[in-house]
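Take these sequences, add in the hints, and give me the full structure.
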Amino acid sequence: MQIVLDYYNYWICIILMMVGFYGVIAKTNLIKKALSMSLFQTGVLVFYISIGKVDGGTGPVLDEANPEAIYSNPLPHALMLTA
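For the sequence shown, the positions run 92 to 174 when my numbering is used.
It is possible that part of the hints are untrue.
As the list claims (entries may be wrong) - Calculated cross-link-like contacts (lysine to any residue; reagent style SDA-like; alpha-carbon spacing at most 20 Å):
id: 1; residue 1: K144; residue 2: W102
id: 2; residue 1: K118; residue 2: L107
id: 3; residue 1: K144; residue 2: I161
id: 4; residue 1: K118; residue 2: G134
Said to hold, decoys possible - FRET-style restraints, in silico, Cβ to Cβ:
id: 5; residue 1: P158; residue 2: V110; range: 42 to 50 Å
id: 6; residue 1: Q93; residue 2: I116; range: 28 to 36 Å
id: 7; residue 1: M92; residue 2: L153; range: 35 to 43 Å
Rather than coming from a laboratory, the hints here were simulated on the basis of the structure.
Don't be surprised by glycine CBs; every beta carbon is placed ideally from N, CA and C.
Here is the structure:
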């Protein structure tokens with residue numbers, strides 16, 4: 092049970108993607124398919140943003156006073172912003 096609570100953001104992403112994928116496969120209405128594809132895309136975006144976040148991490152601005160600081164990865168955020 093603890094593993095589910097530790098990775099809740101990944102479970103939310105998986106559920107969003109599964110619901111969106113089901114809507115694309117099962118629905119015949121094109122508007123519902125478009126909404127389902129949007130839901131699937133939202134799941135993918137949230138997944139990539141979740142990958143880049145580090146617990147206790149700050150923005151990737153170098154600080155001379157604290158050379159061993161933990162930084163979050165800005166690349167997934169930039170990739171999803173331009174996608």
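Here's how the hints hold up against the structure:
Only pairs whose Cα atoms come within 20 Å are accepted, and K144 paired with W102 is accepted, the gap being roughly 16 Å. The hinted pair formed by K118 and L107 meets the criterion: a straight-line CA distance of about 16 Å does not exceed 20 Å. Distance hint between K144 and I161 is fulfilled; the C-alpha atoms sit about 11 Å from each other, no more than 20 Å. Distance check on the hinted pair: K118 and G134 sit about 19 Å apart at the alpha-carbon level, within 20 Å; holds.
For P158 paired with V110, a C-beta distance near 44 Å keeps the hint of 42 to 50 Å intact. Roughly 33 Å separates the CB atoms of Q93 and I116, a value that falls within the hinted 28 to 36 Å. Hint check: M92 to L153, Cβ distance near 40 Å, so the stated range 35 to 43 Å holds.
No hint from the list above goes unmet by this structure.
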